[in-house]
Amino acid sequence: GSQAPSSGGVSADSGSGSAQEGANGSLTVGLLNPLTGPFAALGEDVNAGFELYLDSKGGQLSDYGINVVKEDPANDPGVATTKARQLVQQEGAGIVIGLVNSGVAYAVAPYLESAGVPLMITVAGADGLTRTKGGNLFRVSYTGSQDTMPAGDYVCKELGLKTAAIVGLDYSFGWEASGGFARTYEDAGCKVVQELYAPLATQDWAPYVTQINRDADVVFAVTPGSDAVRFLKAYRGFGLDTPIFAQGSTTDEQLLPTMGETADGVMSSLHYSPVIDNPANKTFVDAWTEKYDRSTNQYAEDGWAAAQALEAALSDVKGEPTGDGITNAMRNVSIDAPRGALRFDEYGQAIYDVYMRKVTKQDGKWVNKVVDTVPAVNQFYTYDVDEYLQFPPYDKLKGTWAK
Amino acid sequence: MVWLSNVLNGLAFGSLLFLVASGLTITFGLMRTINLAHGAFYLVGGYLAFDLYVRTGSYWLSLVVAVVVTAVIGMLVERLLLHRLLNQELPQIILTVGVSLMIGDLLLTQYGGSPISPPTPAGLEGSMQLFGSVIFPKFRAFLIVLALVLAALIMAFLRFSSIGAKVRSAVDDQEIARTIGIRVPLIFLLVFGAGTALAAFAGVWGGALTSLSPDTGLDVLLLALVVVVVGGLGSVPGALIAAFAVGLLDQFGKVLFPEWSLFTIYAPVALFLAFRPNGLLGKVESR
Amino acid sequence: MNLPSPGDHVKSRRLRSAVVLGVLLLVLLALPFVLPSFYLFVATRILALGLFATAFNIVFGFGGMPSLGHAAFFGLGAYVVGIASTRSDLPFVVIVVLTLVAGTALGVVFGLFNLRAKGIYLLLLTLALAQAAYGLAFQQVELTGGDNGISGITREGVPIPGSASAFYWLALAMVVVSLSLMWAFMRSPVGMAITGLRESESRLAATGYRVGSYRVYAFAVSGAFSAVAGLLDAYLLGSASPSNMAFLLSAEVMVFAILGGAAFFFGPFLGAAVILSLELYVSTLTSRWTFVLGIVYVLTALFMSDGILGRIAYLRRRARRKTAESPTRAAAGETDVAVPADTDDLVEERHT
Amino acid sequence: MLEIDSVDTYYGSSQILHGTSLSVGEGEVVGLLGRNGMGKSTLVHTVAGLLKPRRGQVTFRGRRISSLAAERISRLGMSLVPQGHRIFPSLTVRENFRIASRRVGDRDWTADEVLEYFPALRERWSVPAGKLSGGQQQMLAMGRAMVCNGKLMLLDEPTEGLDPQTVGRMGEAIDELRRRGTSALLVEQKVGFTLERVDRALILSRGQVIYETDRPQLLRADTQTLRRLIGVSSAHEADGSRAIADENESPVG
Amino acid sequence: MTDMAIAARGIDTRFGSFLANSDVTIEVPVGERRVLIGPNGAGKTTLFNVLAGQLRPSKGSVEMLGREVTRKPAYQRARMGLARTFQINNLFDELTVRQNIEITLASEARSRRVFWRDLGSLPGIRARTNALLTEWEFSDLADWPVRELAYGQQRVMEIVLAMSKQPRVLLLDEPTAGLAPADAIRLTNLLAALPRDITIIMIEHDMEVAFALADRVTVLHQGSVLAEDVPGRVAVNQEVLQVYLGDMSDA
Ligand SMILES: Nc1ncnc2c1ncn2[C@@H]1O[C@H](COP(=O)(O)OP(=O)(O)OP(=O)(O)O)[C@@H](O)[C@H]1O
Ligand SMILES: Nc1ncnc2c1ncn2[C@@H]1O[C@H](COP(=O)(O)OP(=O)(O)OP(=O)(O)O)[C@@H](O)[C@H]1O
Ligand SMILES: [Mg+2]
Ligand SMILES: [Mg+2]
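Going line by line, the protein sequences match chains A, B, C, D and E. Here my numbering is used: the first residue of the first sequence is 1, the next is one more, and so on. Here my numbering is used: the first residue of the second sequence is 1, the next is one more, and so on. Here my numbering is used: the first residue of the third sequence is 1, the next is one more, and so on. Here my numbering is used: the first residue of the fourth sequence is 1, the next is one more, and so on. Here my numbering is used: the first residue of the fifth sequence is 1, the next is one more, and so on.
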């Protein structure tokens, strides 16, 4: 059966219909999310989340008519830069929302900065994207290490698992997420005993799975996307039984139905779970399940929250929604998103609650049950900002934790 | 004992590579038809079988139907499109890239971008103990056997039927092949069908070993290309040896030099081909 | 001695080609005055990738060596810019020279690896080399920024920085110069010998050419100009990343060449322009643009296997002949054969 | 057996055959001579179905074949010895025979019989044909056509590159073919060799048959005109080789 | 001995277990016309490949114009003045007749590495090409791809290319095969008229041509030299008649 969102189709006039005009004016929003390639499922969900919120508001946010234009960055910085320019220069986008691949985000951001158009990132996770104050870049989604730093503390102190083996994907997100975990884990007095990094899209995980140190108390995994499926399959196939704690994307709701049994009991940390119990999430989940026959997930929520944040910013903008106007308003945004309270720090990075979750079967479905919450986590966690910024970046620390 | 488990894993992964490559040794090695849509047919087989399995619950029925349907699709592609491009390698490249783009996109719209994980057939789940300490999944052990059996079958077929020679004759000189009465279009149709059937077959098993998503087609295609070419075009034993070699290289490379994981296949392959430009068992192109 | 001169029709043909090229150049020069800035950006990108495709074709269409690893050169050029311009303030000219040197050097490496491999083996060998280069770019994080690439490449140091039009003109100038150099190169003895590689290496050797050297020359020259294309692209986009080295780009440049006409000097450039425009256009119409692209590829292969220029040359020949019936060759897939005497240089210069 | 009726064949825009007509009767061996580039191979390819005539008809055993695919024509009983070493280089000698051999009746050629004529091939039985010497390839091309067991044999310069002894064997093979009732169209440059064993001889020039002589004339050795037409004087024409003579005599080409 | 154009001594050439040349010694003084005959498969072409550098012998040595060249590849021997034709046509098929000749002419030391000038504009090349085209009656076909020439015309092209560089040693592998008798005669006369300082080694099955041209004849049989002598004596050598002419020997 079809699992894909039925949105998509003709991009130019999908979403809320063409040429929306609200009482306060109108704004063209460029959605720059992948619709093809390995991240298509993520991009589709972000778009779907955004449009769902917009639809729930009748196509208007704070009385601004919103015109949505979607373009596909095709997972390629060259194409993405072209598309960003097209959105701004041809379609007149006043804000660009999206981006999954961090390399693409790095390539696109300087242009939007120079064009004075705000950029709201919804998935791309590189830590370094939100390290300059006062720019026009915002991110509702996580940084590579933001959601895993609380996990290090939690696994060491709360779960009492004293030694960890890290299994990560061998690229910047893998290093950052692992590094975030490793830093707080070791600072809490526990020990990383092994680090294994596998290339993206590793077809056969056996070489890595069989190397895992079986004496470790816990395996910390950063294997988002289809690698998660293959990793867990090999992990179970080779009969390993060390508990797994993962960066939340590894047990994303997009993957859970596919992973099934193999994900049973995997714990993870993330800023969202569909089973969070609050009114905003209820609204979101209800709207979503009415339209799609599958669970919400972080990507859909990122899209939804981005729309909410935009709405909040626009309510502060008086008159013509200029780039500067939106940027300035966005800095003060504080909303109740499905994930809980959300606001931005000086660097444009979202501050939100992080949830400790465990894959469990509920009513015949696999879900990420929330077992604990760490409130108001920012991208520097509990570290002093200035001190933190002196640390070498995590991608330089790869391989040093286990020493 | 660690090395034993590494060897077994390398062989198992190599077996999967051989399954994928077996279809390519036929279409690519024998027919010299550059079929860059092989990865797409792999996916079609895997997805179809998965879909059918979800609907019917019968593993083997799904397998057979998926393989047959994919073969028919492949034959349609051959007859309607590829056949006009016999011996024109460059247009073949474009055409098959085009076909795989289309198939990839259809799969994306039909099944979404999230990965699927076709089931392991009944009886092959779980793992077994070897020599006391080595745990090895049954399914992987079965794959090794399957690859060997398949290799033997294909070799026997090529040896005892003249169809392989007929195909190669048409590749050598299509005009003259026709003048000795070889029905080139028919033979190419059947052989291409066999190639896509093998791709689909590999898709079902490969999907169960790893997983499938619309973008795995490319990864699989590249690895299969490596195997076929390193083995020597058209040589089934060559492909088998190359598949195992690549599987072992991959396994040990990732264990011994994890820092260089992206090199462990391609750099040695480049070196190898620089010194043996006709692959392992490839024949020197005459003329 | 009675030096034979080219026949009058040849002269007029040359003249007409020169006029066509001149007009084309004028139009290209005037583009910034008429195009909105976005399309100027796209045009600049087409220049860069068109240059890449033309350079690629030295090895591919002329040398007969189907490289599936040319993105390595393009990416190398981009990284040279990325590293040099973000870590030093070398003048533009020096960066260009560095790029040429790096591209040539990598070309020599490719050439040496490919001294003997042919056809499909060469296809895979070049692919493997490029994948290894990709692996290096991906994993040498210190130097290349890993998967995040290098961003924030500015055009300081570039003559007249800042203005998009100025950069377009700069790119145009570099492309025109590069194309002229390659054109001249391909007509020189070395270039002709490279064409001879495609036809018969044993004949070439028996004639007194050292075959291996010419393979290396072909890769070196092609690599140098491919790297320049990468340089232009990096300056234009302001970033360099591993996807500049990815397999898909290598495959795409091959499609450019075939679609435009790999047998013609200008074919690949045309192919790049067509595909890039098409991608841009179709992707604004539908999010299923990969499907549409697939259809385009299939149609190209079926009906334009000699490329657009090949098709044009064929149609012209037919129109000129004015015999109503179509030529009949039973040999499957064989298209009409060219009799080079009667069409324009631009379209007709086969491999020279 | 074979009827070629005012056939026009083109390569692209250049016309090679201009209303060419000729026929080969049941059991007859017809020789076709002519200088290089006159269209002999083009004619042979047109008959074999590798080229389609733009005008005119080719009739074979009562069927119009000019629009049939080459493999259909072959299966009607036509076999071809192509010019220019067009064996299948990547197939072994054995495989070359194996894929060609077709049995239709009891007077068929088997590979063994063929090897009687060309024993050199036996020694190279499992070598890829591309590695054979030029002469061996020519023998293979002939042998391959023989085991096809057609009713009509198209021979395009079958003796090229053969040593004199093998030329002799080739002649015997052709004689034996005729004895078994196979018709043949023999394209040759070796005039003596041709005239020795054909029923009729024709000369093709610029795609047209410009001269024809029949068996009685050949027997009367009245072949002066013919020899003159292809530019050979009769003086040194004993064993099928050529003589040093004045080339300017030739009106052809 | 420096006055040998070609001296190959004790040549063995092995293909796997098959010995195509076995202890072949052939010494051809400068200016001689040597004809190589022998049954099909005797190893003549293989020997040519060894002499021209396409194959490296398993044993033995090759000298050319007084220099040891056994390990020198084909292109170096070509540069020393050796030219050859191929028994099986081997031309730049897609290129025109003119381009085939131009590339061949440009292989001279002073042109070969030129990458900044048009090939046709190099001194002498266009003129010499035109002269060759006229001499060999290819002017009308100059702009045709050689693939589209008739077989016999391609055979002539083989010879044109070999002769165009004014070689000092010319290896011709069955140059008259496939030529119409008239052209074969013309070619033979032409070869006979070549200056005597060009050494010619020629493989030929046509006895008329062979004996008309040869100073000496070498007979190869099953990979070894069976006889070497002046034509008159080879023609009556019983052993040669036996293996080479077979039942045709009475002719
Ligand atoms: N593939 C081709 N494309 C275009 N023209 C061709 C092609 N093949 C042959 N021709 C032309 O057709 C004419 C006749 O060629 P054909 O091969 O039929 O001659 P032929 O009589 O067999 O000569 P030969 O004795 O040399 O074999 C020649 O002028 C030749 O140039
Ligand atoms: N590359 C090869 N591999 C294996 N055998 C070969 C190879 N080349 C030649 N031979 C064999 O070596 C022998 C000599 O071949 P060669 O081509 O030298 O003969 P030739 O004297 O030129 O004969 P012809 O008169 O038929 O041209 C033949 O039996 C041939 O089959
Ligand atoms: Mg002919
Ligand atoms: Mg020979």
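Each hint should be verified, as a subset may be incorrect.
As the list claims (entries may be wrong) - The list that follows gives simulated cross-link-like pairs (lysine-lysine, DSBU-like), each with its CA atoms no further than 30 Å apart:
| # | chain 1 | residue 1 | chain 2 | residue 2 |
| --- | --- | --- | --- | --- |
| 1 | C | Lys118 | D | Lys52 |
| 2 | A | Lys162 | A | Lys369 |
| 3 | A | Lys361 | A | Lys282 |
| 4 | C | Lys118 | E | Lys59 |
| 5 | A | Lys162 | A | Lys361 |
| 6 | B | Lys138 | A | Lys365 |
| 7 | A | Lys358 | B | Lys138 |
| 8 | E | Lys72 | D | Lys131 |
| 9 | A | Lys361 | B | Lys138 |
| 10 | A | Lys282 | A | Lys369 |
| 11 | C | Lys118 | E | Lys72 |
| 12 | A | Lys369 | A | Lys191 |
| 13 | E | Lys72 | D | Lys52 |
| 14 | A | Lys133 | A | Lys396 |
| 15 | A | Lys369 | A | Lys291 |
| 16 | A | Lys396 | A | Lys157 |
| 17 | A | Lys162 | A | Lys318 |
| 18 | A | Lys162 | A | Lys191 |
| 19 | A | Lys369 | A | Lys358 |
| 20 | A | Lys191 | A | Lys358 |
Unchecked claim - Facing chain C, according to a computed beta carbon distance under 10 Å, are these residues of chain E, among others:
| # | residue |
| --- | --- |
| 21 | Gly60 |
| 22 | Arg84 |
| 23 | Glu102 |
| 24 | Arg117 |
| 25 | Ser121 |
| 26 | Trp136 |
| 27 | Ala193 |
It is worth saying that the hints were derived from the structure and are not from the lab. Virtual Cβ for every residue (Gly too), placed ideally from N, Cα, C.
Quick one: which hint numbers does this structure break? Sort them smallest to largest. 1, 13, 17, 21, 26 and 27
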